[in-house]
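J.: Single-letter residue listing:
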Amino acid sequence: MFVKQVSVFLENKLGRLATVTKILGDNGIDISAMALADTTNFGILRMIVNNPDKAVSVLKEAGFTVSTTDVLAVEVDDRPGGLSAVLEVLQDNGISIEYAYSFIKRAGDKAFILFRVENPDRAVDLLKNTGIRVLEEKEVYAL
Amino acid sequence: MYWNKTFECMDREHLHELQSQRLVDTVKRVYFNVPYYRDKMQSVGLEPGDIKGVEDIAKLPFTIKQDLRDTYPYGMFAVPLSEVIRIHASSGTTGKPTVVGYTRKDIDTWAELVARVLTGVGAGRNSVVQVAYGYGLFTGGLGLHYGTERMGATVIPISGGNTRRQVMFMQDLGTTVLACTPSYALYIAETMEELGIKKEDLKLQAGIFGAEPWSDNMRKELEQRLGIKAIDIYGLSEVMGPGVACECLEQDGLHVFEDHFIPEVIDPDTGEVLPPGSIGELVITTITKEGLPVVRYRTRDITSLNFEPCACGRTHVRMSKVLGRTDDMLIIRGVNVFPSQIEHVLMNIGGTQPQYQLVVDRVNNLDELEVWVEIDDKLFSDEVRRLEDLENRITREIQNTLGINVTVKLVEPKTIARGDGKAKRVIDKRNI
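Each protein sequence line maps, in turn, to chains A and B.
Number 947 in the numbering used here belongs to position 6 of the first sequence; there are no gaps in the numbering.
Number 268 in the numbering used here belongs to position 220 of the second sequence; there are no gaps in the numbering.
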């Protein structure tokens, strides 16, 4: 039910992001979503790729510090208020969101949002019970 | 010109005799009062009677900083605590500091030697001495303070920091002597310029600068910008504090106060005593200290000794400005820093030791220390908050250990160059 997100530690230096994307590209790994969190001195690159295990191993080989994190991929209606319906469920149940970002790809009138929450299992159950679709791992990698 | 001409200008023959008597006495005292010294001497088959004078000094085993750590806190004291009236301490490499103790007579001697220093640079009872060394466990502040009072000049115990106030006091109170680290003096000069205060607006005559290495170029700059004679003072807490040696107005080497200390220069690798003039590690034996006498203490400072007579009339031997260290100790803003201290902090935080590097630079005349830490799998988190917490925690704990500000920078693996497999721990960019 969870999607494996690949997280990479990056220094705030020219060309670091380009290096990561080049390594992934050379290894035939497709990035379907990404977000970059940055501070003055460093950044954390978070990505959803079609082959997370391979991404981790090639990046580690290149000397990067990499980890994987379980995140939720949630389908929302691509209309005003679509995201807030999802957020309300989480908020009403006291589940805090560490961070969230959206997919690049879109399918019809749906958008996909990735969530890292403090209690993923409970979040999945709650969302499903409310009729919100949470994507399977395979679906996401295939996007 | 002299505070104590009898001793400062004593002819070398009498000085030698005096040193011999005092050395013999010191050796007896440490043998009978400090089990650690007794064991050390016995292990090389020495008895106090074997030391009959200065010429026998090389028979004695060396003392090193580790000995003080091994006997922490009071193990090397040669008197009961009831005789000790003050403690100072320098930061330790693995958490525990090195503790030193002084009897009333030791404090008295120290004040006398600093009074000699001040008199030697032309200060007198009408002088106003601004002590901008840190007060506290560090020996700089109180050392200069007591010496100034002993001499009868006026002391301003302002301690370090608050540079604008330093400048205001220098101007308003008519400071004639400034005592601080040379890098801080340059920073004060810079602040003066920013505030539009000229050296002619001040009554400053001399600066007594020490606690960190500095060059003749820095001296020229300080003298020119502050309109003073810049004088180098040397000392270390294990031996006493500032005032073990100091330049006279000739500025051609630091007179070691030989009626209280016996200096030697040794080959740091073999321990062999080197002939006069050779460059090597300075070793000091205290010959009047009661609280914590040290016998052949290895300072790790590199210098040479010049026994030629000095134009100032003092007969005491002159050591050259300190040329460097035989270990990896850094002096940052006058504070002794060992890379192992930082290693220890990182170890406690991460459980394992990450790769790290210390980058020291001098920005606007102030030393800055950056600590680079490579982020490995163990330390990494995909949450910014956690990494920032880590950064803050490392910063805080290093600052608590060292007592100076540091900037911690989290860097990617393999950022730190590893020549022949071993990471270079220190990059010192300071151009001293």
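Rather than coming from a laboratory, the hints here were simulated on the basis of the structure.
Among the clues, some could well be false.
Said to hold, decoys possible - Straight-line Cα separation of at most 16 angstroms, EDC-like style, residue types lysine to aspartate or glutamate; simulated pairs:
#1 B:LYS462 to A:GLU1002
#2 A:LYS1001 to B:GLU439
#3 A:LYS1001 to B:GLU416
#4 A:LYS1001 to B:ASP424
#5 A:LYS1001 to B:GLU460
#6 B:LYS462 to A:GLU952
#7 A:LYS954 to B:GLU422
J.: Next pair to validate is LYS1001 of chain A with GLU439 of chain B; report whether the Cα-Cα distance is within 16 angstroms.
T.: violated, 22 angstroms
J.: CA of LYS1001 of chain A to CA of ASP424 of chain B, is that 16 angstroms or under?
T.: Within the cut-off at roughly 10 angstroms; holds.
J.: Please verify whether LYS462 of chain B and GLU952 of chain A have alpha carbons no more than 16 angstroms apart.
T.: Given pair LYS462 of chain B, GLU952 of chain A holds - Cα atoms ~12 angstroms apart, limit 16 angstroms.
J.: Take a quick look at whether LYS954 of chain A and GLU422 of chain B sit within 16 angstroms of each other, Cα to Cα.
T.: holds, 15 angstroms
J.: Hinted pair, alpha-carbon criterion (16 angstroms max): LYS1001 of chain A, GLU416 of chain B. Please report holds or violated.
T.: The hint is violated at about 33 angstroms.
J.: Given the hinted pair LYS1001 of chain A and GLU460 of chain B, is their Cα-Cα distance within 16 angstroms?
T.: holds, 11 angstroms
J.: Can you confirm whether the C-alpha distance between LYS462 of chain B and GLU1002 of chain A stays at or below 16 angstroms?
T.: Holds, at about 12 angstroms.
In summary, the structure is inconsistent with hints 2, 3 from the numbered list given earlier, while agreeing with the others.
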